[in-house]
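Could you use the hints to bring the two separately framed chains together as a complex?
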Amino acid sequence: MKFCVLWVPDFRLHALRRSDATLAGRAAALIIGEGRKATIAEASPEAKGVTPGLAVTLAMAQCPGIILRPRDPAAEVEAQRILIAAAFSLSPRVEATAAGCCTVDLQGADAVRTEAQMRICIRELVKAGLSTRIGAAATPLLANMAAQCAGPLLIVSDTRNFLSPLPLSFAAPTPAQTEILSGWGIRTLGDLTALSKADIAQRLGTEGVTLWERATGETTRALRHVEPSRTFEAEWEYEPPVESIEPLFFRLRAFAERIAVELRAAQLVAEELTLTLFLEDETDYRRSFRLPEANADLDSWLRVLDSHLETVRTAARVARVRLVAKPIRAPEKQGGLFDTGLRDPAAFWENLARVSAIVGEGRVGTPLLTDTHKPDAFVLVKPTELVPAPADPPIHPPRGLRLRRFRPPWPAQVELAEHRPTAIESPQLRGEICAVVGPWHVSGEWWKPKAWAVETWHVELREGGVYQLAHTGDGWRVEGVLD
Amino acid sequence: MSRLATFAALRSLVAARFPDRTRRHGDGVPTGVAVVDDALGSGLHASQLTELVSEVPSAGGQLVLARLLETTRAARQRLALIDAADGFAPEAVPPDTLKHLVWVRCRALADALTVADVLVRDGNYAVVVLDLRGVADRALKKQSATAWHRLHRVVENEAPAVLVLTPCPLVPSVPWRLVLRTPHGLASRRLTQEKLLAQLTVEIARGHATQTVAERAG
Numbered sequence: 226m227k228f229c230v231l232w233v234p235d236f237r238l239h240a241l242r243r244s245d246a247t248l249a250g251r252a253a254a255l256i257i258g259e260g261r262k263a264t265i266a267e268a269s270p271e272a273k274g275v276t277p278g279l280a281v282t283l284a285m286a287q288c289p290g291i292i293l294r295p296r297d298p299a300a301e302v303e304a305q306r307i308l309i310a311a312a313f314s315l316s317p318r319v320e321a322t323a324a325g326c327c328t329v330d331l332q333g334a335d336a337v338r339t340e341a342q343m344r345i346c347i348r349e350l351v352k353a354g355l356s357t358r359i360g361a362a363a364t365p366l367l368a369n370m371a372a373q374c375a376g377p378l379l380i381v382s383d384t385r386n387f388l389s390p391l392p393l394s395f396a397a398p399t400p401a402q403t404e405i406l407s408g409w410g411i412r413t414l415g416d417l418t419a420l421s422k423a424d425i426a427q428r429l430g431t432e433g434v435t436l437w438e439r440a441t442g443e444t445t446r447a448l449r450h451v452e453p454s455r456t457f458e459a460e461w462e463y464e465p466p467v468e469s470i471e472p473l474f475f476r477l478r479a480f481a482e483r484i485a486v487e488l489r490a491a492q493l494v495a496e497e498l499t500l501t502l503f504l505e506d507e508t509d510y511r512r513s514f515r516l517p518e519a520n521a522d523l524d525s526w527l528r529v530l531d532s533h534l535e536t537v538r539t540a541a542r543v544a545r546v547r548l549v550a551k552p553i554r555a556p557e558k559q560g561g562l563f564d565t566g567l568r569d570p571a572a573f574w575e576n577l578a579r580v581s582a583i584v585g586e587g588r589v590g591t592p593l594l595t596d597t598h599k600p601d602a603f604v605l606v607k608p609t610e611l612v613p614a615p616a617d618p619p620i621h622p623p624r625g626l627r628l629r630r631f632r633p634p635w636p637a638q639v640e641l642a643e644h645r646p647t648a649i650e651s652p653q654l655r656g657e658i659c660a661v662v663g664p665w666h667v668s669g670e671w672w673k674p675k676a677w678a679v680e681t682w683h684v685e686l687r688e689g690g691v692y693q694l695a696h697t698g699d700g701w702r703v704e705g706v707l708d
Numbered sequence: 002m003s004r005l006a007t008f009a010a011l012r013s014l015v016a017a018r019f020p021d022r023t024r025r026h027g028d029g030v031p032t033g034v035a036v037v038d039d040a041l042g043s044g045l046h047a048s049q050l051t052e053l054v055s056e057v058p059s060a061g062g063q064l065v066l067a068r069l070l071e072t073t074r075a076a077r078q079r080l081a082l083i084d085a086a087d088g089f090a091p092e093a094v095p096p097d098t099l100k101h102l103v104w105v106r107c108r109a110l111a112d113a114l115t116v117a118d119v120l121v122r123d124g125n126y127a128v129v130v131l132d133l134r135g136v137a138d139r140a141l142k143k144q145s146a147t148a149w150h151r152l153h154r155v156v157e158n159e160a161p162a163v164l165v166l167t168p169c170p171l172v173p174s175v176p177w178r179l180v181l182r183t184p185h186g187l188a189s190r191r192l193t194q195e196k197l198l199a200q201l202t203v204e205i206a207r208g209h210a211t212q213t214v215a216e217r218a219g
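Top line first, the protein sequences correspond to chains D and P. Using our numbering, the letters of the first sequence map in sequence onto residues 226 to 708. Using our numbering, the letters of the second sequence map in sequence onto residues 2 to 219.
Hint data in this document are derived by calculation from the structure and do not stem from the laboratory. These numbers were taken from a predicted model, which means no experiment stands behind them. A hint or two may mislead.
[Unchecked claim] Simulated crosslink set (BS3-like; lysine-lysine; CA at most 27 Å straight-line):
hint, chain 1, residue 1, chain 2, residue 2
1, D, Lys-262, D, Lys-273
2, D, Lys-551, D, Lys-352
3, D, Lys-227, P, Lys-143
4, P, Lys-100, D, Lys-599
5, D, Lys-227, D, Lys-607
6, P, Lys-100, D, Lys-607
7, D, Lys-551, D, Lys-607
8, D, Lys-599, D, Lys-675
9, D, Lys-227, D, Lys-422
[What the hints assert, rightly or not] Stretch by stretch, here's where chain P covers chain D in the computed footprint (C-beta under 8 Å, at least three residues):
hint, segment
10, 541-551
11, 581-594
Ideal Cβ positions, reconstructed from N, Cα and C, are used throughout, including at glycine.
This is chain P alone, in the form it adopts within the complex (with noise of 0.2 Å):
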């Protein structure tokens, strides 16, 4: 075999068995969640917020956190959690889908908010995602519009891209609102994840016109 056609087969074994790493610099970071990427573009966009609202209980919002969780390890990107609410159970997820992740437990909004301006900046992480629910709806209406407008204008100069669940939607002037309306029920214990992932319905609340995913493909 000559020279070039043995790089030519090591270059497509390299890009078969590690996808993820022959993708651009600059492209978003995918979530694995075909709802979302879709709505998004290309996944969660590098140096912005995306806010994803979980407005009813069981809408799936941990399902597309945990999703993101396996995507991102897959890639073996860096992902930080920072928890307002310390409501992560690491049970619920592979166990190998952890070693990625850096999860801050915090006790308060304000200290979680502190925490992204500090890991935002680090540089060292693919994903950062700021988990506001289970938050007291006092404390988050109470939340001061300039230090969202700090943290968007900290997210733009960074590379990391930024995710933000919410009981409701609360990020002034963020550029993408996903929206999940559609509560589970019990019903859904048996379902594999893809198939729930493939139920999942997502509004654009910000980024495009209203509508549903749906709407937008049919």
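Isolated chain D, as found in the complex (with noise of 0.2 Å):
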């Protein structure tokens, strides 16, 4: 699985119900439309047979006492919000692909903490009031469907099993081609990709062949990421003002759970809250909690604010309400006093997970070299948890220029003058020498059957530069670059 993509269904109405406490566990529906024309947007499981595209009038018959609400753009930014900041515990490569979904590029993450995390990332969601839905696959696009057929998480490993079954309306056709290849009895994906691409093309044109590759699932993009929330705080003006602690805290509790996920996801806590009560009367209550231990725990948080606001009396109304976090870097453990270990052994290892699966296995680590005169040999290790002191300064260091490897050594050919070179000549390199030091012979493990020998030059080019020669029985290499 390379992507996956959050999905929350029905998500202005979960936006609503988020927003408002007396959605709570009751029959509700989003509508669109003013006046006779509105109908159903959405609905909730409690409204029984109300359905998207039904007038009001209609919904009211069918579900008595059913409440009835217009979108709420403000609610829909805050759980949008809150959608983004859980897309990023999972990758730091984060789409904001539409209203209710995000599209997260998982390149190098480590399949099974994935998995768990995603599973997290449900549980979390669902706390704050978004029902999510997540697909993992291969590309953009067959994780987004794997998305709308998961319950919650769908994983696709083989895409073939997996697209055959679906309608075709998966890969949106066109009206056009809906009614063509309905007419040829195709009314699944596994159907259309039972035909090939080069007959499709024949009949249906490149927007056949486009819709062909949709049904295969190759088709794919670059998603267009969007940067993690940096400001851990959320704002809120009640229209009328309030001035009741239920619905205060009902929409404290709402931004605690928003900046909690956006903390976890930085990897960050909250070291201190600042509570903001904007009155009627235009002046401010503002109050600020350290927290006894810096954290990203919710219900720790909960129980400072409903301490504290049973506590407050106002002279006027609450008109609006602000709620801020500090953040800091989670104290994963106490320092020493020399102590220079990792400061967030988790967030280490996990990236260096990461990064191994994007360059490669082997490919990653703390360079040690081998015990061995051949050149450029060396393996990588697991870097230390605690770096260790230094040692004492070698009694010969190295003197001039430090080399640069090419990986691979570029062959060359090389012009030899009294058995010394004189030109070089590569697709890479060319050049007259105007001085050589050398040779160095090396050679070892004779007594094996891939015996080594090298001979090795430095060079300094008429035009600059000075680099390393190296002569096997292959020919000659340039190895690489003083510098």
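The structure is reproduced here in structure tokens:
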């Protein structure tokens, strides 16, 4: 799995329910349009018999007591922020694809850990009032399809088997294409992909080919990444102003949920919370709470806020509320006097695993020179948690410029005069040699079938640049530049 | 000896033994190369990108990297080297100066930038070095500015200093760009590292008006 999609069905209604305490557990629906033209856009599961597209009057007849509400853009922004924050806990490369939908680039992520994190993500979002589905697959499109079929998590490992039974509508055909394909008896993506691409191209043209590629899940695209939130604050304006604690606490809970998820995604914790109540008489009430222990734990924050709010008396009604969390790095361990260990071991090892998956196994680590004179002989070992105290400086410190290697070395033709290089010719480098030092003969492992021997020269080109040449049985190579 | 005198003696002993531990938080990370540190004020700036351009071969870029490894090693700070062209030669530096190094051997420029994005956010590294020397010119020029702007945004919110080693001016809107333009010859092979570093000429192309450190001093 390279991508995953977090998708919240009926996102606008979920966002509304998060922001309005009176909708909790009640039959509710989101309406679009006005007056007699108003119809149901999204309905809660409690609203029995109410489906999207139904006229409002019919919906009220079907489900007496149903609460109807228009869209609330501020609530949607708040809900989208918590969804994006949850997506950042999976990977730093996140796209806000649409309202209630995020696509995440999982390149380099550990599959087992990511799956566990996805489940945590779903639990957190459900707790925050967003019933989320996650689909993971090889392309963003496939992941999107998987999210729509997920219950609540679906990881697609066998693309063909996953796609075959899906209805054709998943590939988003145009009405004209639907009509033609329906006439051919094609109902599923499997039916369509059973036909060859060439046949589809011949009969339906380039649009048909695009449809066929979508049906096979081959279509991919670059994500438009968004930045994670760096300000951990939230603000809400009450209309009309409130005078009791319940709506205030309901709103603060939603804020705290979102900020806690954002902090955890950024591997931070809150050291201090600042609550500001803007009153109707244009004064404000501000209070900062220094947390006993820096954390991103929602329950402990709510305990602090709740116990304080119960004692607050204000001169006027509350018109606006703001909650700000002051972030710090999580103090994962107690620092010793001269301790230079890892500040955040979990992030360190997790990120190394991620990097290893990006660049390939065995290409990340601390280099350790092997006990041989063979050039470029080293192994990469696991970095230590504690950087040891430095050793005494070497008795014979290296002199001159330092080698930067060309891997693989560049094959070259070298002209010789009196057994010394005078000119070099290779696709990457050519020129007349004005100064030469060498050769140094090194060989080893003569007792093994693959004995090695190399003759090394340092040469300076007339145009500038000092290079290391190596001459072996296979010819000349430019091993690197002395820089 | 009174208790206060004992504490004072202990403090001065610690300060003498671990000079780097006593520096203030938020300071730059010294590279150990006088001309570079002077040009930047107090070494590489935390939460900022610094670009070091090696415009000619053998200009001393690898020498600066070797010294930075030594300096961070002495301070027991962790350094990540994201090696886009896989050119770092571990045998070219003393083995002890590798113990704090996390070396990432990339295969492509895109991988290197993705890895930089991950490691800069990590929080465990004092310095992240992104070495782009050796990457094909075409690939470097094809790289969209968006990737660099994204890296800028990430870096400014994180603690490590980020050094980008490039073969030509590359990073748009970089706060500090230093240029190495003077090639060394074979004659330098007998010189100690100190003498070679003392001979380095660094031009400040961004951060201050274009002038050499020697000109600024004189």
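Results for each hint:
no. : hint                  : verdict
1   : D/Lys-262 / D/Lys-273 : holds, 21 Å
2   : D/Lys-551 / D/Lys-352 : holds, 23 Å
3   : D/Lys-227 / P/Lys-143 : holds, 24 Å
4   : P/Lys-100 / D/Lys-599 : holds, 21 Å
5   : D/Lys-227 / D/Lys-607 : holds, 25 Å
6   : P/Lys-100 / D/Lys-607 : holds, 10 Å
7   : D/Lys-551 / D/Lys-607 : violated, 35 Å
8   : D/Lys-599 / D/Lys-675 : holds, 12 Å
9   : D/Lys-227 / D/Lys-422 : holds, 25 Å
10  : 541-551               : violated (count 0)
11  : 581-594               : holds (count 10)
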